[in-house]
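Assemble the dimeric complex from its two separately framed chains, guided by the hints.
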Amino acid sequence: MGQRVLLSEKEINIILHRLACQLLENHLDFKDTVLIGIQPRGSFVANRLTQILKEEYGVNHIHTGFLDITFYRDDFRRGDKVLEANKTDIDFLVEDKKVVLIDDVLYTGRSIRAALTAIQSFGRPKEIELLTLIDRRFSRHLPIQPNYRGRQVDAINDEKVKVLWKENEGKDVVYLVKG
Amino acid sequence: MSELSVKHLLGIKYLNEADIQLIFETADQFKEVINRSIKKVPSLRDITIANIFFENSTRTKLSFELAEKRLSADVINFSAAQSSVKKGETLIDTVNNILSMKVDMVVMRHPNPGAGIFLSKHVKASIVNAGDGAHEHPTQALLDSYSIREKLGDVTGKKVVIVGDILHSRVALSNIFALKLQGATVKVCGPKTLLPKHVESLGVKVETDLRKALNWCDVANMLRIQNERLDISYFPTTREYTQQFGVNKKLLDSLDKEIVIMHPGPINRGVEITSDVADSKQSIILNQVENGVAIRMAVLYLLASKIK
Chain A
1 MGQRVLLSEK
11 EINIILHRLA
21 CQLLENHLDF
31 KDTVLIGIQP
41 RGSFVANRLT
51 QILKEEYGVN
61 HIHTGFLDIT
71 FYRDDFRRGD
81 KVLEANKTDI
91 DFLVEDKKVV
101 LIDDVLYTGR
111 SIRAALTAIQ
121 SFGRPKEIEL
131 LTLIDRRFSR
141 HLPIQPNYRG
151 RQVDAINDEK
161 VKVLWKENEG
171 KDVVYLVKG
Chain B
1 MSELSVKHLL
11 GIKYLNEADI
21 QLIFETADQF
31 KEVINRSIKK
41 VPSLRDITIA
51 NIFFENSTRT
61 KLSFELAEKR
71 LSADVINFSA
81 AQSSVKKGET
91 LIDTVNNILS
101 MKVDMVVMRH
111 PNPGAGIFLS
121 KHVKASIVNA
131 GDGAHEHPTQ
141 ALLDSYSIRE
151 KLGDVTGKKV
161 VIVGDILHSR
171 VALSNIFALK
181 LQGATVKVCG
191 PKTLLPKHVE
201 SLGVKVETDL
211 RKALNWCDVA
221 NMLRIQNERL
231 DISYFPTTRE
241 YTQQFGVNKK
251 LLDSLDKEIV
261 IMHPGPINRG
271 VEITSDVADS
281 KQSIILNQVE
291 NGVAIRMAVL
301 YLLASKIK
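Protein chains in written order, with my numbering: chain A, 1 to 179; chain B, 1 to 308.
With the rest of the complex left out, here is chain B (with noise of 0.2 Å):
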């Protein structure tokens, strides 16, 4: 066993646990090489990588393109915002074009659930999805297990709740798929409005109270409240949210044990996070930015292996 099974990476839905031990033992390698004075490797010298962005990122496609680059991959960089996009071209068109300059992998941000999907149907290049729509996040999730295991040695057996806006988190939906196949249990807590009708179906148990649920867990990961994404009001104040489902530090101390702090980022901070819990020790906001890049540098290693 020293091979992903897929040669996409879609979705978490499609890894096994095998895929996802193989990508963390990979990217201990990789954390090693990036916390080097020279942190770069030949690996992937005669691969060229596009990432494709239809929907704005900050963090995730700096921490790919880093990856990239330390891989020694060929670097391509497209956003919808400054293209033809605009101009009517659809999505295979787009990306077949790209591809006809000789591009063995593309990393695709899309407002659309299933776009990677779609496109690894349609075109020949391997597909990471970087994110699409509310559907998968599957690098994120990586990530986040992979810090957990970490901080506290392993992720089975742990116990995590996933707060905030549920329904529209791609970030949610990966982590649960990703916690269970790890034998973690899993709890979700917000308002019922941004939790999803029968989330229990994916065998995660629904929390509204915030005090339970953060007495109960091992690992907090909070969510962002994505205003982009809310169309209608799903509470009635932002201050009201903060109020029930925000966490300070008063809250946080009040605990009957230290738990471990999470965000995908970016933080609103004084929402779902104060800055005092966001910067204090039992915050690992920040580890979790240093170990994308070694997620993604394992996942594009194990996925650029499979390219003959």
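Same shape as in the complex, but just chain A (with noise of 0.2 Å):
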């Protein structure tokens, strides 16, 4: 089993800047937009274009939410395992509000999917995009696409791609990692 490395800590960095860029030429002050990061791995790109908005571009009052989307999940009781839940925290309305969601890796789109149908039980959102670090090319099972996307990646069916993030697993980077 053999692993190469997609992104390293630096080029994870300087995308984390341009993602968080451009949801700036986007949402400007952030006043109607709030960020919620798909659990658990999406929370932590999420929590890091959080950061970098507060810290880097002075924008103060980002709503950030995580959003846990187990219950929603078409593949209950069809996979082998069970689906173990994480914890949802979204802590306002996202009604009439633009809502980005944020996850590490768009696959096949049905976590998005999920996504979709889970965030309506917080309000009606006045729209909806999608920010993922990566986005695996040729693999979409539904008809989705992101808005914000780090890096296309062309991976066959029986690779992974594995996001590592510092706060996690010590050290920031992507791996494809074969069979």
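Hints are supplied without guarantee of correctness; some may be wrong.
FRET-style restraints, in silico, Cβ to Cβ [to be verified]: (1) A:Glu55 to B:Lys205: 43 to 51 Å; (2) B:Asn227 to A:Asp96: 53 to 61 Å; (3) B:Asn227 to A:Asp89: 52 to 60 Å; (4) B:Ser79 to A:Asp96: 43 to 51 Å; (5) A:Arg140 to B:Gly88: 29 to 37 Å; (6) A:Asp32 to B:Leu255: 51 to 59 Å.
Some chain A residues flagged as far from chain B (calculated, every beta-carbon gap over 10 Å) [stated by the list, open to error]: (7) His17; (8) Ile52; (9) Glu56; (10) Thr70; (11) Arg77; (12) Leu83; (13) Tyr107; (14) Thr117; (15) Glu127; (16) Arg137; (17) Ile144; (18) Ala155; (19) Val173.
In case anyone wonders, no lab produced these hints; they're calculated from the structure.
We treat Cβ as the ideally placed atom computed from N, Cα and C, and that holds for glycine.
This is the structure:
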């Protein structure tokens, strides 16, 4: 089982800054915008972006929440393992807000489909955008595309993209794992 | 470790500690869900659940039904009182007829101890015991422990006294199993006639002086006197029972510390506890009811995930 580095710490940092700038360009002061990290792995991306926007671009009032999609997934009872739930932490309403859904890897699009359903429990957003750090091309099961993408990757089905974060695994790196 | 070790929830006796923790962690997430303005998730949309009640129930039946509906399951209800059971149909026939209508799970309350276990051996469906005679009432014990965990942070090391009719109570037995499994210390308190012989063999201590028991404990779980199950006179009068084993505000305030009061409902106000105790800030009776829905959602979700 081999793995190669897709993105180094430096590259991840540059990409996150670019994504933060793209968000700024479209949302300016984030008055009507909320960032929603999809649990568990999208939360790391959401937290990093929030931190960059706050510390380096002086956007102080960003609403950031974390959405767990376990109970909305379409593969309940279809896989071998039981789906384990994570914490949902959204202490604001998304009614009439611009929602940016954030995840680490966009693969089949099924998680995003679940997130689109799940977010409705918190109100009717004005619009929903999608940001992903890695976009795996040619692997979609549903007609879903990101509005903001960090890096597009061609990976075949038995390969896996693994995103590691300093705060969880001790280093920032993205691997392509074979087999 | 992310699935239950059992296919049915027949009693706490068949669970291990990891099962209980998994149920609690899942219930935490469902508690967040049921406090949203939209309280429903689509997880069980392809599951059909039959609630079969051979005995009366308000809270448990409503709680299960709400939990099922909030998980988007299809629900059918059956009460023995208006059914063919009265015409002489057997339990297995009744349930198999219901299962022919493509039902995946059965939530059953039955007056006979072991009815759930019996059924689980004879029919193809996941069985949840919602109370079988004086045997077990597992979801009640789970929600009781969950409420203690929520109020005091942990169940391990806590001192819990169960007061009242221990002899006829399925809530007491399930609670003893659940609390012991989580490392709590348990005492039972009540008139000697309502304490089972050899109850100590379950690892609990007996205390017949209510004041002593309350001064010892962190949590007092007050049980109802189940008049419907008392075939003979176990104590002289209800008034005398209340004097010896009822909790009132004066008694509660005279204790050395502030204890938590629980009650599985329905309350006989003025018998086992007075109204001012039931409605005091030390009482978590209504929290128990709220937690009941989250716990039952967790149990149904975790069991449904094992149906292939």
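Do the hints match the structure? See the list:
The hinted window of 43 to 51 Å between glutamate 55 of chain A and lysine 205 of chain B is violated, with their beta carbons roughly 58 Å apart. With their beta carbons about 55 Å apart, asparagine 227 of chain B and aspartate 96 of chain A fall inside the hinted range of 53 to 61 Å. The beta-carbon spacing between asparagine 227 of chain B and aspartate 89 of chain A, approximately 47 Å, falls outside the hinted interval of 52 to 60 Å. The hinted window of 43 to 51 Å between serine 79 of chain B and aspartate 96 of chain A holds, with their beta carbons roughly 45 Å apart.
For the pair arginine 140 of chain A and glycine 88 of chain B, the beta carbons lie near 59 Å from each other, so the given range of 29 to 37 Å is not met. A hinted range of 51 to 59 Å holds for the C-beta pair aspartate 32 of chain A and leucine 255 of chain B, which are about 54 Å apart. Taking the minimum C-beta to C-beta distance to chain B, about 33 Å, the non-interface status of histidine 17 of chain A holds against the 10 Å cut. With a least CB separation of 28 Å from chain B, isoleucine 52 of chain A remains clear of the 10 Å interface cut-off, as annotated.
Non-interface call for glutamate 56 of chain A relative to chain B: holds, since the shortest CB-CB distance, roughly 32 Å, exceeds 10 Å. Here threonine 70 of chain A does not stay apart from chain B, with its beta-carbon only about 7 Å from theirs, under the 10 Å limit. At the 10 Å boundary, the C-beta of arginine 77 of chain A falls inside the reach of chain B, the nearest C-beta of that chain being 6 Å off. Not every Cβ of chain B is farther than 10 Å from the Cβ of leucine 83 of chain A; the closest lies at roughly 7 Å, contradicting the non-interface assignment.
Every beta carbon of chain B lies more than 10 Å from that of tyrosine 107 of chain A, the smallest distance being close to 21 Å; the non-interface claim holds. With a cut of 10 Å on Cβ distances, threonine 117 of chain A falls inside the contact zone with chain B, its closest approach being about 7 Å. The claim that glutamate 127 of chain A lies off the interface holds: its Cβ sits roughly 19 Å from the closest Cβ of chain B, which is beyond the 10 Å cut-off. Non-interface call for arginine 137 of chain A relative to chain B: holds, since the shortest CB-CB distance, roughly 29 Å, exceeds 10 Å.
The Cβ of isoleucine 144 of chain A sits about 18 Å from the closest Cβ of chain B, beyond the 10 Å cut-off, so the non-interface label holds. A cut-off of 10 Å between C-beta atoms confirms that alanine 155 of chain A is not in contact with chain B; the least separation is 27 Å. The claim that valine 173 of chain A lies off the interface holds: its Cβ sits roughly 27 Å from the closest Cβ of chain B, which is beyond the 10 Å cut-off.
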